[in-house]
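So you can see what is in the structure, the chains are spelled out below.
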Amino acid sequence: MIRLIPRVENSTAMVLLSPLLALTLTALSAYLIFVFILVDIPVSSVFFTLFVEPLIDSYYFSELLVKAAPLMIIGLGLSIGFRAGIWNIGAEGQYVMGGIAGSAVGLYFYNVEALWLLPLMTVAGILGGMLYAGIAAFLRIRYQVNEILVTLMLTYVAVLFLSAMLQGPLRNPSGFNFPESRIFHDSAMLPIIWEGTRLHIGLIVAIILSLVAWFGIKKHMFGMQIKISGSAPRAAKFAGFDDNKTVWYSLLISGGLAGLAGLFEAAGPAGQLTPGLPQFYGFTAIIVAFLARLHPVGVLFSALLIALSYVGGENVQIEYNLPSSITQIFQGMLLFYFLACDILIKYKVVLFKTKN
Amino acid sequence: MSNRSLSSVVKLSILSVVLAFTSNVYADPVKAAFVYIGPTGDHGWTFAHDQGAKYVKEMMGDDVIVTTVESVEENSDSERVITSLARKNDIIFTTSFGYMNPTVKVAARYPDVKFEHATGYMRPTDNISTYSARFYEGRHVIGKIAGRMTETNVIGYIASFPIPEVIRGINSAYLAAKSVNPDIEIKIVWVYSWYDPGKEADAANALIAQGADILMQHTDSTAPMTVAEEKGVYAFGQASNMREWGKNAQLTGIIDDWGPYYLERVQAVKDGTWTSTDVFHGVDSGMVKFAPMNNSMPFEVRNEASKAIIDLSMGAIHPFTGPINKQDGSAWLAEGETPPNYPDLLTMDFYVEGIDAKYPN
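Heads up: the sequence lines are chains U and V, in that order.
Per my numbering, residue 1 is the first one in the first sequence, and the count goes up by one each step.
Per my numbering, residue 357 is the first one in the second sequence, and the count goes up by one each step.
In case anyone wonders, no lab produced these hints; they're calculated from the structure.
Fair warning: there could be bad hints in the mix.
[Unchecked claim] Partial chain U-side listing against chain V, Cβ under 10 Å, derived:
1. Ser11
2. Ser58
3. Tyr59
4. Tyr60
5. Glu63
6. Leu160
7. Ser163
8. Pro179
9. Glu180
10. Arg198
11. Pro278
12. Gln317
13. Ser324
14. Ser325
15. Ala340
16. Cys341
[Stated by the list, open to error] Computed list of chain U residues with no C-beta within reach of chain V, every gap over 12 Å:
17. Ser44
18. Phe109
19. Gln279
[What the hints assert, rightly or not] Anything over 10 Å on all C-beta distances counts as not near chain V; from chain U, calculated:
20. Glu9
21. Val43
22. Pro119
23. Ile201
24. Lys219
25. Phe238
26. Pro275
27. Leu277
Predicted, not measured: the structure shown is a model, and the values here were computed from it.
Beta carbons: idealized from backbone N, C-alpha and C, even for Gly.
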């Protein structure tokens with residue numbers, strides 16, 4: 001029999017080193033896989049394309065940041081909720097609803113070129129995500145419905161709603177009846193912060209938000225509340241924390257941020273609302289949040305790492321004709337090793353014999 | 357030879373060398389890239405495009421370097437993939453409608469690269485072509501077969517997205533079936549996906565449960581064909597021959613043959629003769645073909661279908677020939693009238709009269 005026994009003291013060094021250890025193990029496993037599947041191609045050049053080129057080629061680096069920005073924003077919101085033990089699994093749905101709400105505003109004022117348009121769209125995007133996550137908060141508080149199920153199921157509803165909107169009111173009137181919105185004009189688009197690339201202001205917003213969240217969790221009473229609610233619910237009750245408030249705040253914050261990311265995607269790289277808006281950012285952000293150990297600044301780095309796997313994985317597909325599932329394999333291994341390392345830091349493995 | 361004429365010979369030869377370098381004739385292999393919506397697999401839409409890419413490679417050999425990228429989502433990722441390819445290729449085929457705006461954006465940034473977008477309509481810069489096939493001609497043929505072969509008089513139609521191409525297919529199949537069988541009824545299930553074996557199989561089962569004994573699909577997986585084979589009903593292959601999945605079920609199949617078009621376009625890049633075009637070819641040019649007809653079909657039915665194929669290839673018939681009314685009873689085409697490509701065919705967003713289903717909105 002194998003049993004996991006909690007360690008009395010966690011090694012601080014190991015806590016800090018475990019992400020690196022997980023990364024190394026992932027790289028080693030990837031190496032082994034490549035050795036087996038690659039014919040005629042040196043593993044080192046595949047590794048270069050996968051892990052290094054996206055960091056040194058300016059175009060790929062800009063794309064890596066484009067890909068990371070929504071993961072940062074959603075991951076940040078999720079990490080706050082997860083700390084409180086509120087499991088919002090359906091950020092994808094809130095992301096879609098935010099994208100729809102914000103885009104609808106942009107399309108409603110299609111003929112208006114004004115400075116206030118983008119801020120208004122942004123507010124609509126955040127509200128769209130918030131209200132959608134609010135449904136789960138309401139159901140949980142009023143009827144004790146599990147928020148995991150509600151948020152997850154509502155994701156499917158959101159995707160169908162997007163499709164309905166693009167078949168109907170938001171469809172491009174001169175678009176041959178294809179389910180796509182019009183293309184936003186300039187004042188409805190996010191400002192580009194790196195000339196000649198698609199890198200938009202969302203990255204800066206993500207960084208500012210993560211710093212705000214960091215200080216918020218450290219200094220603000222609410223930070224304390226979600227921390228304790230998540231790790232010691234009974235203690236939170238004794239301390240007089242309002243349970244319902246934790247649920248509301250966790251879901252509204254994570255939903256609002258997911259909605260913001262959805263609008264940023266539509267008004268950023270996509271430049272219009274299309275059925276391709278949902279692209280699993282909401283689900284991938286769950287990995288991002290856990291890789292960061294739910295730390296608001298750590299989320300920035302784990303988002304970069306996941307984005308690297310996307311851009312690098314795509315490049316090896318183009319360059320060496322490897323299957324696109326390389327990216328998923330890489331992400332899965334990374335999360336697996338990371339969680340495994342964390343478990344082994346917190347617990348020790350004890351082997352003992354059972355009497356038969 | 358005087359000095360003067362010698363110098364002009366030198367000048368001429370320099371000029372010709374310069375010309376050789378600046379004109380678009382490629383001495384090196386042409387680099388052609390293909391972007392696919394799904395996995396290449398062994399059947400369906402992407403498979404058919406990949407067959408086209410392989411055909412180009414086979415025919416041009418060392419004169420071409422072919423790169424393919426599969427499973428590229430129709431979202432902002434596709435713009436990155438197309439950009440990556442534009443940095444290293446001479447011509448890029450983006451083989452799904454959803455790549456339209458990304459293709460347009462990248463084409464504007466890479467004026468020296470040629471772009472070919474399948475099933476779209478935007479050509480804002482002169483380095484973009486669009487191409488598509490008149491699949492509704494294929495639907496006409498299978499519609500006739502279905503009208504003859506059904507016993508329950510119910511056709512089950514598994515549809516993907518309500519876009520003009522899919523609507524054209526439904527209307528064309530229905531009209532053809534109706535022309536040989538006035539009692540025909542068509543039931544349509546929308547799966548809102550191009551490729552989702554689970555949903556497609558569910559749709560197939562649901563349609564059979566509603567009395568359909570013949571299935572048509574505008575989706576890419578072989579799941580409906582497999583279900584048809586199991587349940588002992590008929591079906592038609594989509595985009596490629598699916599006989600392997602339905603030896604008894606498949607009556608014939610509509611086959612997309614992109615190879616000759618791809619070869620022509622890549623060769624044009626090599627020859628420096630490529631120009632922006634808009635191609636909408638059908639049975640006549642061989643872009644739409646048919647899988648061998650099932651031997652279980654009665655001779656008359658096979659004969660009628662073959663005749664329709666020949667008539668289509670000669671341009672003797674048009675699947676949409678008036679009088680045809682729209683579903684709401686309003687007139688669309690007058691007696692003997694056929695619709696223009698634009699706007700009627702390319703923006704089609706209505707069912708024809710007689711289809712008893714709600715138009716998806």
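Going through the hints against the structure:
Annotation: Ser11(U) was flagged as interfacial toward chain V, and the flag is violated, the nearest CB pair being 40 Å apart, outside 10 Å. Taking 10 Å as the C-beta cut-off, the interface hint given for Ser58(U) is violated, the closest approach to chain V being about 12 Å. Of the supplied interface hints, the one on Tyr59(U) holds, with its beta-carbon coming within about 7 Å of a beta-carbon of chain V, less than 10 Å. A cut of 10 Å between beta carbons decides the hint on Tyr60(U): the least distance to chain V is about 8 Å, and the hint holds.
A distance limit of 10 Å between C-beta atoms decides the matter here; for Glu63(U) the minimum to chain V is near 5 Å, and the interface restraint holds. A distance limit of 10 Å between C-beta atoms decides the matter here; for Leu160(U) the minimum to chain V is near 8 Å, and the interface restraint holds. With its C-beta approaching chain V no nearer than about 6 Å, Ser163(U) sits inside the 10 Å limit, and its interface hint holds. Look at Pro179(U): its Cβ gets to within about 6 Å of chain V, closer than 10 Å, so that hint holds up.
For Glu180(U), the suggested interface contact is upheld, since its CB lies about 8 Å from the closest CB of chain V, less than 10 Å. Interface hint at Arg198(U): satisfied, since its Cβ lies 7 Å from the closest Cβ of chain V, which is below the 10 Å cut-off. With its C-beta approaching chain V no nearer than about 8 Å, Pro278(U) sits inside the 10 Å limit, and its interface hint holds. A hinted interface residue such as Gln317(U) counts as satisfied when its beta carbon comes closer than 10 Å to some beta carbon of chain V; here the least separation is about 6 Å, so the hint holds.
Taking 10 Å as the C-beta cut-off, the interface hint given for Ser324(U) holds, the closest approach to chain V being about 5 Å. Because the closest C-beta pair between Ser325(U) and chain V is about 9 Å apart, less than 10 Å, the hint holds. At a threshold of 10 Å, the smallest CB-CB gap from Ala340(U) to chain V is about 29 Å, leaving the interface hint violated. Restraint check, Cys341(U) versus chain V: the minimum CB separation of about 30 Å is more than 10 Å; hint violated.
Here Ser44(U) stays apart from chain V, with its beta-carbon at least about 21 Å from theirs, past the 12 Å limit. Every Cβ of chain V is farther than 12 Å from the Cβ of Phe109(U); the closest lies at roughly 21 Å, confirming the non-interface assignment. Annotated as non-interface, Gln279(U) brings its C-beta within 12 Å of a C-beta of chain V; the closest such distance is 5 Å. At roughly 45 Å from the closest C-beta of chain V, the C-beta of Glu9(U) stays outside 10 Å, upholding its exclusion from the interface.
Val43(U), annotated as away from the interface, keeps every beta carbon of chain V farther than 10 Å; the closest lies near 21 Å. Listed as outside the interface, Pro119(U) is consistent with that label: its C-beta sits roughly 22 Å from the nearest C-beta of chain V, beyond the 10 Å cut-off. Taking the minimum C-beta to C-beta distance to chain V, about 16 Å, the non-interface status of Ile201(U) holds against the 10 Å cut. Distance check for Lys219(U) against chain V: the nearest CB is about 36 Å away, which clears 10 Å, and the non-interface claim stands.
With 10 Å as the threshold on Cβ separation, the claim that Phe238(U) sits away from chain V holds: the shortest Cβ distance comes to roughly 48 Å. Annotated as non-interface, Pro275(U) brings its C-beta within 10 Å of a C-beta of chain V; the closest such distance is 7 Å. The Cβ of Leu277(U) does not lie farther than 10 Å from every Cβ of chain V; its closest approach is about 7 Å, which violates its non-interface assignment.
Checked against the numbered hints above, the structure violates hints 1, 2, 15, 16, 19, 26, 27; every other hint is satisfied.
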